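Asker: Going down the list, the protein sequences come from chains F and D.
Residues 1 to 163 (the working numbering) are what the first sequence spells out, left to right.
Residues 164 to 598 (the working numbering) are what the second sequence spells out, left to right.
To be clear, the hints were calculated from the coordinates, so they are not data collected in a lab.
A few of these clues could be false.
Claimed, not checked - Label-pair distances were calculated between CB atoms; the ranges are:
1. F:G156 x D:T504: 53 to 59 Å
2. D:D562 x F:Q145: 50 to 56 Å
3. F:Q145 x D:R254: 27 to 33 Å
4. D:E344 x F:P9: 56 to 62 Å
5. D:L288 x F:D59: 28 to 34 Å
6. D:E344 x F:P137: 41 to 47 Å
As the list claims (entries may be wrong) - Here chain F is said to cover these stretches of chain D; the calculated rule only asks that three of the stretch's residues, wherever they fall, bring their Cβ under 8 Å from a Cβ of chain F:
7. 290-298
8. 305-312
Computed from a predicted structure; not experimentally measured.
Cβ atoms here follow ideal geometry from the backbone N, Cα and C, with glycine treated the same way.
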Amino acid sequence: MTSTGTRHPLRIIGVGNLFRGDDAAGVLAARRLKDLVGDRAEVIEAELAGLDVLDLMADASAVILIDAARSGRPAGTIHRLDASAGPLSGDLFPHSTHVLNAVDALEMGRTLGLLPPQVIVYGVEVGDTTAGNDLSPAVAGVLDQVVERVLCELEGLSCTSGS
Amino acid sequence: MSEAKKTKTRTIAVDMIARVEGEGALRVTVKDGVVQDVELRIFEPPRFFEAFLVGRHYDEVPDIVARICGICPVAYQMSAVHALEQIFAVRVEGALRDLRRMIYCGEWIESHTLHVYMLHAPDFLGYASAIAMAKDHPGILIRGLRLKKAGNALMTLLGGRSVHPISVKVGGFSRVPLRRELEGLKEELLWARDAAVETVRWVAGFDYPDFAQDYTFVALHPSDEYPFNEGPIQSSGGVNISAAEFEQHFREEQAPYSTALQCRLNGASYLVGPLARVNFNHDHLSPLGKQVLADTGLSLPLCNPFHAIIARSVEILYAIEETLRIIDSYEPPPCPSVPVTVRAGTGMACTEAPRGILYHRYRVDGDGLIREAKIVPPTSQNQRRIEEDLRAYMPRVLDLSNEQAALGCEKVIRCYDPCISCATHFLKLDILRDG
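Turn these sequences into a full structure, and let the hints steer you where they fit.
Answerer: So, in structure tokens, the structure goes:
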């Protein structure tokens, strides 16, 4: 996890493990976004953050969270969830090295009143999470799309139709 | 949960054991009401990191091994740097040694608090998850999050960030904190000390099953301090060795049903982790820690795996007190690290990860390149012991519904806080009943 130390009200948090194949998708998307976002938001690469995402969200007004997802859909499927609209189902994100998965962490935050007013979650469906492997072609092929959709989200544009 | 019947055999399949980190599966075979086999299968990435390290320069090792586990990166870093420093005949002492204890304290606070509050307490209070528990006990969960955050702050200050610290290096650190930076943590740590005392009292009030087991405990046992990075490896069976002798006594064996290796001490199972550490080292707790432990009414040695949540809570308190002690005596070292002269050789080290002793061995060539790496994590050491606990526990749950029996097994496994993420995701549970 890296943080600039500044507390920008808009944050983009990419969660994942760089050594675990497609599990790296969120972190790698955040890395690409860093150069594109400029000072419009704070971009955080959160390797294995789990419950710590709540700390990363503290005092933010809006957060876009990008994480690996595993729901059984084809690898590379992009999921979009609006955590601000209501409780999320835990079926999308695996119980994982993140300890409490992204949804668990968000729901814990909701229960304790720690959730920022607006939280959008992008889940990138994983294929191969074998230790030491690179991104699978299916996931590597959609990273640009994830980045574009997050940028649109950041601009408040409704270019996301949900998956 | 799915249920299927094949002739006489009934299978319970739980998609995952929640709140256990990592990937694995548990298969229990029962015949005529008697447990036949208990197999805990861990799908460890087959020693990926050991292979990945070969050919790397020694100074890359701390950053690489930190990624083996998101919960205990400091443990991996500490075992690595101490093993490598043994090869290079480097001694890290004084304030640098204290800072290494302190960053380990940060990890224990983070890891233990996560387990106590978010993963284990729901078992005792009758909740399916910490989220469900938070609805009824928000104040307790907020206390847990704040306590964990005190550990995060230590890791961030000393390690450069709260997970995967980047400042640990062979010989010391890339940067050491200023005195005023450490002083800045004190106020919150003083709150955390009180919260840790409350935590011990809270968990000591849970109802515990009567389940004392005959364990062989293994932990580091220094003569003059609670262990983190140093000390002889001792067992309650009389073993007393240095890390260099580890592989003469502790052997890894491949279980046919698992890609992970199970480690045994002279052929038998043993237990590492908070219970073992407290049993060996309770004399090194602070006066407050000793008093709080005594107030629980438990007698030592602790032999009930369910009491591990109490041992973890006592260690949270110790880690906070030790951090405060180091802050009060801290004078920044003249250099953030001591010089290292590369030479070929083999080095071994064992440190106390939150879940128990973590052994590393490295062989380095004259250019400082890693030629061989061996890593024995605590979960692979406890794995056989978990199976034996489950075998002993199963008769208590055999008459329950499949779902309740599976839940009982999960609770036993969670006592160990298994970090199978040194493996990975999901844990599946199958109970095969024949007759």
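Asker: Run every hint past the structure and note whether it holds.
Answerer: Right, here's what the structure says about each hint:
no., hint, verdict
1, F:G156 x D:T504: 53 to 59 Å, "58 Å, holds"
2, D:D562 x F:Q145: 50 to 56 Å, "53 Å, holds"
3, F:Q145 x D:R254: 27 to 33 Å, "53 Å, violated"
4, D:E344 x F:P9: 56 to 62 Å, "26 Å, violated"
5, D:L288 x F:D59: 28 to 34 Å, "30 Å, holds"
6, D:E344 x F:P137: 41 to 47 Å, "46 Å, holds"
7, 290-298, "holds (count 5)"
8, 305-312, "holds (count 4)"
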